[in-house]
Amino acid sequence: MTDERTSNKNEPRERVSRRDFLKYSAGVAAALGAGTVLAKTPLLSREEAEKTANAPAGKVSGPIVATVEGEVVTVMSGQTEVRVKDSGLAAAIANKVN
Amino acid sequence: MTSHREAPKISQDPVADNTDVYAFVSPDRPDSVTLITNYIPLEEPAGGPNFHQFGDDVLYEILIDNNGDSVEDITYQFRFSTEIRNPDTFLYNTGPIDSLDDPDWNMRQSYSVTRVMGLRRSGEATVLARGLACPPARIGPRSTPSYETLANAAIHSLDGGLKVFAGQRDESFFVDLGAIFDLGTSRPLQEFHLIPTPAAAGVDATKGYNVHTVAIQVPKTQLTRDASNPADPMDARSVIGVWASASRQKARILPSRTSTGTPGVSAGPFIQVSRLGNPLINELFIPLGKKDSWNASHPSDDKQFAQYYVNPEPARLLRLLYPAALPNVPLPPDRPRNDIVAALLTGIPSGLIPGFQNFTGQTQADMIRLNIAIPPSNSPNRLGLIGGDPAGFPNGRRIDAFDDIVDIYLRVAAGAVYPLIDPTFTPDGAVGLLGDGLQNNDIEYLNSFPYLAHPHEGYEHHHD
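Taken in order, these protein sequences are the chains called A and B. Counting from 9, one number per residue, gives the positions in the first sequence under the working numbering. Counting from 151, one number per residue, gives the positions in the second sequence under the working numbering.
Everything labelled a hint here was simulated from the structure, so no lab data went into it. The reader is advised that the hints may include incorrect statements.
Said to hold, decoys possible - So the derived label-pair ranges between C-beta atoms look like this: (1) G78/A - P482/B: 41 to 47 Å; (2) S69/A - P405/B: 17 to 23 Å; (3) P525/B - S69/A: 47 to 53 Å; (4) D206/B - S69/A: 17 to 23 Å; (5) N461/B - G70/A: 56 to 62 Å.
Claimed, not checked - Okay, the calculated bits of chain B under chain A, using three or more residues with CB under 8 Å as the criterion: (6) 390–404; (7) 416–424.
Stated by the list, open to error - Partner residues are not named here, just some residues of chain A that face chain B (Cβ under 10 Å, in silico): (8) E77; (9) A102; (10) V105; (11) N106.
Given the structure is predicted, the values throughout are model-derived calculations rather than measurements. The beta-carbon is built from N, C-alpha and C at its ideal position, and this holds for glycine as well.
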């Protein structure tokens, strides 16, 4: 049993737009490098990630923290953590810090 | 100490370091149970100007299992918030602090209490209170002249008959640290140590230090699985399991040079960094290479650590270090320590001790198991159950003058109760003498909630 398997009911999960993501995460990803990705967090499919990427920007009120490992991007905001398997997005972030 | 600085990682994170957990039927209010957990080991009372306080970025939790599966059914969560009223002075207070809303108190902390029914991260959460004041640190006769009045004002009554307190207290645990961690020395018995020196009196190494305490008193009917108040100790509903933890959010980004005034970013789910049920488990039973993962794990997964109870290192050391006095400490393969497994991992099943049980089933889990149907003792025995007092450890855990944990553990490790599971075994004669030479705290406990003594004052403190 681990803590990270669920998010807190009291904090509704907000979708993270691709635009937000790129805007906020580049510096953080550089700081964290290839951070540990935990095994039991939800992993979005490519299709789900695309839907997320097409969502309107500005839905997340607080700061976003992200880590990139291979083609998996882990996004954290508030107490929510979401993993996105998206090689394009991962590469785009990596390109920002290289 | 019971869980002070007990693992490599948490020893670097004192505000999240869970040092002791207590769970007992309240002696002055026997329809309720008192749950106490302490953090911040060996707090120096004079540690200003930024006196010790809880971590605003730490989630503190007390967890209760009431159906025997070793998974939490009820969790009380405590979150803290610090307010600095005047950022233009280095002073914690700019005059005497005479009340919890005194304008001279510059750096103050308050907290919220949330109850979660079900799993702690996904269950049904109810905020029971917000903005509850902590008392200030006990500084000295000019800054906190009426400290007891201040601290008592920080005991808050909540709806439903609950009481809560969160703030600085005396370090209640007493132990001869200097001797214990000098190759397992007991000063009163050190003439029998492998490296002998003349016998001496114990030294209270935690004397004069403080901790930070979270305490909550809850009616029994709010803790049992069916809201009952069982009167029969043999009723399975009468046993609850209790542990505590501290968690931090997964990501922490420090503020950059250009983000002056912002506190940085914390994000992600809370990850457990400290936990504690029975005293001394991670401290003495779990080896260095496993300690950090023990702190991060859940009691329901404790079967992975069972080998350290069946063949406990403290028992092996007693036989090794005191060969003349303790040649017959029971050890596997001949004598696996199923007595310790029962006491600490499953609870004691009915049939071993007449009229007593605190069994929670076959799931091996480190929890304090409290049979709430057993009333408080009018004359507590400091050795708890092994001293013939069923209201004492390992039936719950009372504050330390009533459950002398070090002496209990030393005697049990040496085989004091092994005859319960193996009547052919006779403990060594020295077992009854084992102890660290200390039998009481340096200052008196309180007779009512939160029971732990008021903290030492920075101005007047001493460690000798």
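Chain B contact restraint for V105/A - C-beta distance below 10 Å
V105/A check fails; min Cβ-Cβ to chain B is 15 Å, beyond 10 Å.
S69/A paired with P405/B, Cβ distance criterion 17 to 23 Å
For P405/B against S69/A, whose Cβ atoms are near 19 Å apart, the range 17 to 23 Å holds.
Count the residues of the segment 416–424 of chain B whose CB lies closer than 8 Å to any CB of chain A, then report whether that count reaches three.
holds (count 6)
Has the hinted range 47 to 53 Å been met by the Cβ atoms of P525/B and S69/A?
Distance hint for P525/B, S69/A holds at roughly 51 Å.
Between N461/B and G70/A, does the beta-carbon spacing fit 56 to 62 Å?
49 Å, violated
Distance restraint hint 17 to 23 Å, applied to the beta-carbon atoms of D206/B and S69/A:
20 Å, holds
Establish whether the coverage given for the segment 390–404 of chain B by chain A is satisfied; the threshold is a Cβ-Cβ distance below 8 Å, and no fewer than three residues must meet it.
That given contact holds, which follows from 5 residues of the segment 390–404 of chain B lying within Cβ reach (below 8 Å) of chain A.
With 10 Å as the cut and Cβ atoms as the points, is A102/A at the interface with chain B?
18 Å, violated
Given E77/A was flagged as interface, is its beta-carbon under 10 Å from a beta-carbon of chain B?
With a minimum Cβ separation of about 14 Å from chain B (threshold 10 Å), the hint on E77/A is violated.
Using the nearest Cβ pair, does N106/A come within less than 10 Å of chain B?
Violated, about 20 Å.
Could you see if the CB distance from G78/A to P482/B stays within 41 to 47 Å?
With a Cβ separation near 45 Å, G78/A and P482/B satisfy 41 to 47 Å, so the hint holds.
Going through the hint list in order, the structure does not satisfy hints 5, 8, 9, 10 and 11.
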